[in-house]
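4 protein chains.
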Amino acid sequence: MDYVYGPGRNHLFVPGPVNIPEQVLRAMNRNNEDHRSPALPLLTKALHADVKRVFKTAAGTPFIIPTTGTGAWESALTNTLSPKDRIVTFLIGQFSFLWIEQQRQLDFNVDVVESEWGQGADLDILSSKLSDDDAHTIKAVCVVHNETSTGVTNNLAKVRKILDHYRHTALLLVDGVSSICALDFRMDEWGVDVALTSSQKALSLPTGLGILCASPKALEASKAAKSARAFFDWQAYLKCYQAGSYYPYTPSIQLMYGLRAAFDLFFEEGLENVFARHTRLANATRLAVEAWGLKNCAQKEEWVSDAVTAVVVPPHIDSGEIVKRAWKRYNLSLGKGLNKVAGKVFRIGHLGHMNDLQLLGCLAGVEMTLKDVGYPVKLGSGVAAASGYLQETIPLIPSRV
Amino acid sequence: MDYVYGPGRNHLFVPGPVNIPEQVLRAMNRNNEDHRSPALPLLTKALHADVKRVFKTAAGTPFIIPTTGTGAWESALTNTLSPKDRIVTFLIGQFSFLWIEQQRQLDFNVDVVESEWGQGADLDILSSKLSDDDAHTIKAVCVVHNETSTGVTNNLAKVRKILDHYRHTALLLVDGVSSICALDFRMDEWGVDVALTSSQKALSLPTGLGILCASPKALEASKAAKSARAFFDWQAYLKCYQAGSYYPYTPSIQLMYGLRAAFDLFFEEGLENVFARHTRLANATRLAVEAWGLKNCAQKEEWVSDAVTAVVVPPHIDSGEIVKRAWKRYNLSLGKGLNKVAGKVFRIGHLGHMNDLQLLGCLAGVEMTLKDVGYPVKLGSGVAAASGYLQETIPLIPSRV
Amino acid sequence: MDYVYGPGRNHLFVPGPVNIPEQVLRAMNRNNEDHRSPALPLLTKALHADVKRVFKTAAGTPFIIPTTGTGAWESALTNTLSPKDRIVTFLIGQFSFLWIEQQRQLDFNVDVVESEWGQGADLDILSSKLSDDDAHTIKAVCVVHNETSTGVTNNLAKVRKILDHYRHTALLLVDGVSSICALDFRMDEWGVDVALTSSQKALSLPTGLGILCASPKALEASKAAKSARAFFDWQAYLKCYQAGSYYPYTPSIQLMYGLRAAFDLFFEEGLENVFARHTRLANATRLAVEAWGLKNCAQKEEWVSDAVTAVVVPPHIDSGEIVKRAWKRYNLSLGKGLNKVAGKVFRIGHLGHMNDLQLLGCLAGVEMTLKDVGYPVKLGSGVAAASGYLQETIPLIPSRV
Amino acid sequence: MDYVYGPGRNHLFVPGPVNIPEQVLRAMNRNNEDHRSPALPLLTKALHADVKRVFKTAAGTPFIIPTTGTGAWESALTNTLSPKDRIVTFLIGQFSFLWIEQQRQLDFNVDVVESEWGQGADLDILSSKLSDDDAHTIKAVCVVHNETSTGVTNNLAKVRKILDHYRHTALLLVDGVSSICALDFRMDEWGVDVALTSSQKALSLPTGLGILCASPKALEASKAAKSARAFFDWQAYLKCYQAGSYYPYTPSIQLMYGLRAAFDLFFEEGLENVFARHTRLANATRLAVEAWGLKNCAQKEEWVSDAVTAVVVPPHIDSGEIVKRAWKRYNLSLGKGLNKVAGKVFRIGHLGHMNDLQLLGCLAGVEMTLKDVGYPVKLGSGVAAASGYLQETIPLIPSRV
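Protein chains in written order, with the working numbering: chain A, 139 to 539; chain B, 139 to 539; chain C, 139 to 539; chain D, 139 to 539.
Don't take each hint at face value.
As the list makes no split between identical chains, a pair holds if one copy fits it or if it spans any two.
[As the list claims (entries may be wrong)] Calculated lysine-lysine pairs in the BS3-like style (CA-CA distance at most 25 angstroms, straight line):
#1 478 to 377
#2 361 to 190
#3 438 to 296
#4 222 to 361
Rather than coming from a laboratory, the hints here were simulated on the basis of the structure. Keep in mind that this is a model prediction, so the values were computed, not measured.
Chain A with its partners taken away, still in its complex shape:
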């Protein structure tokens, strides 16, 4: 049942799905249960409170849906908007592109603000659009917090500031798929109306859960929204919350217990420590990239992502070859370049359950792979740069002090 066995552990550095902690695998190693027994509501009630804690929202209403990030997108859109509603949305990479495709499929009036891939959302254009929109024809602003294909993080606090500046009533819908639980995410502070993520990213679970929080304003909007929806309909969930049953259809028992375990690990480490760890690993990765003489796809410091780094390769090298070779020779799984940056970047995911030596093993593997494909890298250079930084900044593991 293992189609492509290689000795030793697979080094999983795609920016999702990410490595699952043993604690989570253990929690999920169980038979099915009757989802209508009193056990599951008890479990779920606590999970809802913890979802709000990691999204940093007091006012939000959580939804844990048996779907993927793509489904969570759809849930955010169809519950808050009606067909033909105008959306301002930013195209900055493959995942914002796919979300926009979905917005079109679902028949919204999509007003796309495009940036060069490697740049963040163009907020000046947002300003001007809002400024021009006294009639509040813009019903929602859709932003991908962290664009996984280019390693670009958008500044949500700034987006909120602009919306507030123009006292605009548009909903703020945020894809936090590769950010929430990796980067600090402040739903209430940033006035996010719908925030969403999925289980196989920084939560470090298997695929299978789309997790959203809706602000009171978003919930209010959902009463008027006319988009057709059934599976993703929030009302069905809300009815179940009132009934104390929580799920309008059968949830995955295993993923619920897995989520419990994942949250327990987060809180044991401390949310802020989790974010600090992501920043540290990302800084180390960027130092390695610099040492190799390569460029970060994120064009400015303000956009660099602490969850994933997209590395630009020289024109004569096919980044796809790097990804293939890493997997075939070093049991290293890197993210490939997608769409506009296919062949041009490869990606190192440094989110989720990961530590310093895992990353350094990956960087060593990237170096060897670069050499394999003919790039004149000095072996050890990236590792040296990264470990020089890490050695000065890694804290002791609190439980072991």
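Start from chain A and add chains B, C and D according to the hints.
Below, chains B, C and D without anything else, positioned relative to chain A:
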């Protein structure tokens, strides 16, 4: 992390989610993998062939979607139909009711044929509706193969015969959630256009997969269907099939390997033997019910289900008490009565990974519970009736002969 | 990798190895760890305290050894005795027989008190031997608490009383392999000098741990004991206890975490509730045996075992056929008759992680098997007798009240 | 239940217990089984054949014992020798020391040939002892193939050559605990009489199995050997082999299935490829040590171990600090110096289920730790040296070509 621990094994007899074989739990006990590596397509290609094998279709196109049965319903509808399309649909219990609710939410013109709960779909009315529909305004006929809330199985061969008799072009959409892999299902022979199931039923996996097959006619219909859809859109899948990547978004690695293991067990036992086992366990259950002096909710022999038996309790007894008590005292999980039959029936699921002694343990537990709630059952009577039949009919386990 | 697959769950009713709780399987599902890190001593310290708790000893010293019950026997003997030392030992079944064989192999002077199989230790003979032994040539009395082959439990309080009566200094060495954690065991109260068990019995773990407690007197004896020993030598352990490292060689990380989980379940249920559950399941089994018109191998009420029931079959029936047939047809694993009672008894283990409906499923299976082999059993009779008793005596599950 | 949680994966580089492949964890994730059913003998028969395959013996008889390496030592000694028998045995490190301690405890006449720790067995002295022993008073020569505490490998072919040269009849008993399945081991070719290993080393399982093979000469010797033994007695096993039951007491079902999975992985990779991988990883490690300006504890090239490297630290540094710090800060588990080399060496285990990037992550961690404790290492230097070599020598993963 176990909110309601009781000694010994939970006896899981809800009609889904069902018991997961150890072989499947083992197969799923694994870290995430890069879903873009060559391993997953290899795995998926074989899974697709096996989905077709268990659906008994040569012509169908399989879709394995990270969702539940409710999502599979939506996928079947929105991919083949357009808003306002007329659907003839049968209301015979809670799950057909929920599907009809969904059909309404998705804005179809729902022509409901209602039966008393405990009866099958009224096919005479279907005949008359088709007969009256020379204009072919009926775009689809929606049938739940096995209504899980009442333990009623509909005769799909007859439905096909009627459609053929009137040479009607309506699509035949079938909910096989609690039937496929438990009851013999013959997609091609019965001319089913969309058949669907979900992983936590007879497939004996955790929740998380909606599995469909679409006939060529359904695929053709999907090109014209105007229902808004994105997450559930077949076209996105078909593009991926052509590209050899199979998934338009991240699948659950664990469930894919689990499905592999589940199919392996099915084929080792032999599909026809699996069906025969379900029939045998169902017969035994019905004999026990009779011995207890209770009635099957399914009113006629032709409708009785080999996947689940809904047992009608006398008017002075609340079936909800039986379900609660069984769980609180005997660690036995029975299905409760839903909606119209709430308080009136309890349900014994006998589908999925189960054998004779598991069922007899359950029946002994039901007897004690019946006595607990004041029903004058003769302890041992149901077990005697069931085991009398089973002892004469159980085959030797082939691998142990 | 499953050589003899059968559908549904294996019904494991041999008197060890027994069913493992999912909680324990989960706890054991983990990678290896450095056994010299500070984590393992922390874990072990707590486990030692809990071993003492379940053995009911304050004064005893625990040893958790990577071996089986057979190894635990050897550890008890070679650490406390010297070659040629006289041992009074009781032969009442296969496991006392095997222990005596070992005592001979290890060169002790074995003074065997034999009873008919089905009877307990002959304590009158013990009295007379002690009475005749003013010189205290008897260095140890060896008793199997619960003889697993015949389902006979010896009265250890009585043994202690007799030893005290004669103020005899002989050590009391007790095999508690199939009793400890199933039957009430009171090491200190009964003045047991070495008590031992193994992990795959009532502890409900995989095989791999021999667990002993030694009284201060036994520890003192170990200083003078001249039997050759190395792997099983207590001194090596005691040195490690002082050093805080606990293990003189590499322990099984997985079994230690499994033991942690097993103890947690015991204490959650409550030790006395665990014993009461065993008594209840045993009573139910005995009622079923009676209803079938068969005899308990234990000849008197005072000896019947709450851990395992050996059932005597009529002379014309081969009990081996029952065991084979149960496994081949019903996926039911019963214990076969061993040595003197081979072909004459089959055994139902009702110890460890088990509940009422599991047992009733087993009893139903035994009935069908009895009929298969030609015994004129009334199907349902044993289940009726057992469930009649259980229905009146089962408590509600405390966590679910 | 995790006493010392740290984020990310533990980097386990002690020379045993080693990392367990997921495939093995999966295979072990199962309930107990009746060990007397026909399934276990089928499984065991195949395992015995595979034990012989990896020991490279056609004539040997395998024993799979529920114990550790220490128990396997005892089994080798007590089954082949009698008290007071003269043994020539080599003291070259902590594990040979412990084996010698055991030989003394078991009352053999131990003739110790001591070398400085860091050197191999002094075979010249062996020659002279054999040469002086016309009377063949030497009954056995005991050699540790790979001394885990110093990273020194002895040349067994040479030992055999010397024994043959003197036509000496002494048995050759070999501790292959940290060598078998990591280093090429040729039981028949080298005329080894008893070879042994344990499960938590290169086999990459949990602790719990001692695995031995005995030559026909060793089996013959076991008939006459007078050492007291019971649990470890081969005769009990041999009787079971004849009876087709294989085990004289309850084995661990889980470890047997785990061993099956472990062997499957070995044979899929290819035994010779496994050895080549170990050599490659060891070479890389030695290059790193050299680059750091540190010394290998193994004093000559001929002795260096491909399973573990003991690294000598400068006198002013306490190697214990390195081990503690690596664990507390980098979640890296290194082996500490034992006994004579305590504080002087730390050890990098590179045996078992491991690959190149895992090792490079470890080497990066060692570098940072060295800097932490004040050793003037150039960060990246060891990784550069190792990866320079690895990049030129790693083969493509065959299943992925």
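Here is how each hint holds up against the structure:
1. 478 to 377: between (43 angstroms within a copy, 18 angstroms between copies)
2. 361 to 190: Within one copy only: 22 angstroms inside a chain, 41 angstroms across chains, cut-off 25 angstroms.
3. 438 to 296: within (16 angstroms within a copy, 64 angstroms between copies)
4. 222 to 361: both (17 angstroms within a copy, 22 angstroms between copies)
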